[in-house]
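Visitor: Sequences and hints are given; from them, build the entire structure.
Using my numbering, the first residue of the sequence shown is number 1, and each one after it goes up by one.
No lab work stands behind these hints, which were simulated from the structure alone. Treat each hint with caution, since some may be false.
[To be verified] BS3-like mimics (lysine-lysine), calculated; alpha carbons at most 25 Å apart, straight line:
| no. | residue 1 | residue 2 |
| --- | --- | --- |
| 1 | Lys-193 | Lys-166 |
| 2 | Lys-222 | Lys-200 |
| 3 | Lys-109 | Lys-121 |
Fair warning: this is a prediction, and the values are worked out from it, not measured in the lab.
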Amino acid sequence: MQTTELLVRYRRFLKRRNCSGHTVKNDINILNHFTTWHPSSLLTVTHKEIGHYVEHLLKTRKPLTINCHLGAIRALFDYLIDDEGISLTNPVRKKQRLRLPRPLPKHLKDDQVRTLFGEIKDVRDRAMFMLMLRCGLRVDEIAQLTLDGIEYRNRQIFVFDGKGSKDRIVYMSEDARSALQDYLKKRALSKTKRVFLVQKGPLAGKAISVRGIQKRIEYYSKKTGIPVFCHHLRHTMATQLLNADADLVTIQDLLGHSRVTTTQRYCRVSNLKVQRDYYKAIEAVLRRSQETAEDGLGLNDFIPTAIIN
1 MQTTELLVRY RRFLKRRNCS GHTVKNDINI LNHFTTWHPS SLLTVTHKEI GHYVEHLLKT
61 RKPLTINCHL GAIRALFDYL IDDEGISLTN PVRKKQRLRL PRPLPKHLKD DQVRTLFGEI
121 KDVRDRAMFM LMLRCGLRVD EIAQLTLDGI EYRNRQIFVF DGKGSKDRIV YMSEDARSAL
181 QDYLKKRALS KTKRVFLVQK GPLAGKAISV RGIQKRIEYY SKKTGIPVFC HHLRHTMATQ
241 LLNADADLVT IQDLLGHSRV TTTQRYCRVS NLKVQRDYYK AIEAVLRRSQ ETAEDGLGLN
301 DFIPTAIIN
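Guide: So, in structure tokens, the structure goes:
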């Protein structure tokens, strides 16, 4: 079977699995890149050639991107083996994935938040970024937000078809709701149901794009001197909630994380909570130590002899 035909069949398979259009397009682009590099039949690909492909990608691609390539190629061969019934061994092994650094999620400090929003005078921009900061919305979720997804009475926002094709409900703080209402009072009339619109130029009245939103945060970043991207606002919300002793599972639900381990990354930057927990625990330790000292007991009196020996 020709490589082109296999990729066409695989594309149909991804659509049958209800993968998002972005996922299908991205995976097929990766596979086209790989088959251009390896023009021979897919059925002849070996583990050694995958290693050579990784070396080829290392010249121009970042480790995370390379892992995406490996994942897409491995998934294709899983399909060929399991669904097409082709007898072969998957040439992509899990251990070939590159080790990635695990940087701490970046968030803004309270004074940076005040400085940033002190410069955001435009009502549309203020509403967009306030929803990211208070509701934890992703930039694409802001771009896709529709008027019928907002429920003012209960201060709720319905996020339809978020990352991973998941729906969820988030809640608006009073300042976020106020910022959104101020914008909607001045929002131009438009046939589109999208909330946030382009305000100037030939596309005025059309829904603002993800890139359009990113350009606005870049503008304010340059103006204030604060290195901030849209996702930093989402990270800031998670960190602030954790510092305010919100339950980790609650934060996971609000952010739309599939796994709590993703949300746990914020524990590593939540210094205020760590400090409180530490001092609370160490005070208990010191209090017990003082009590045992007054009673004339030593540490060894509380440890089984077998452990001491």
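Visitor: Taking 25 Å as the top limit, are the C-alpha atoms of Lys-222 and Lys-200 close enough?
Guide: holds, 21 Å
Visitor: Take the C-alpha atoms of Lys-109 and Lys-121, compute the straight-line distance between them, and say whether it is at most 25 Å.
Guide: Roughly 20 Å between the alpha carbons, so the hint for Lys-109 and Lys-121 holds.
Visitor: Given the hinted pair Lys-193 and Lys-166, is their alpha-carbon gap at most 25 Å?
Guide: Distance ~20 Å between Lys-193 and Lys-166 Cα, so the pair holds.
In terms of the numbered hints stated before, the structure departs from none.
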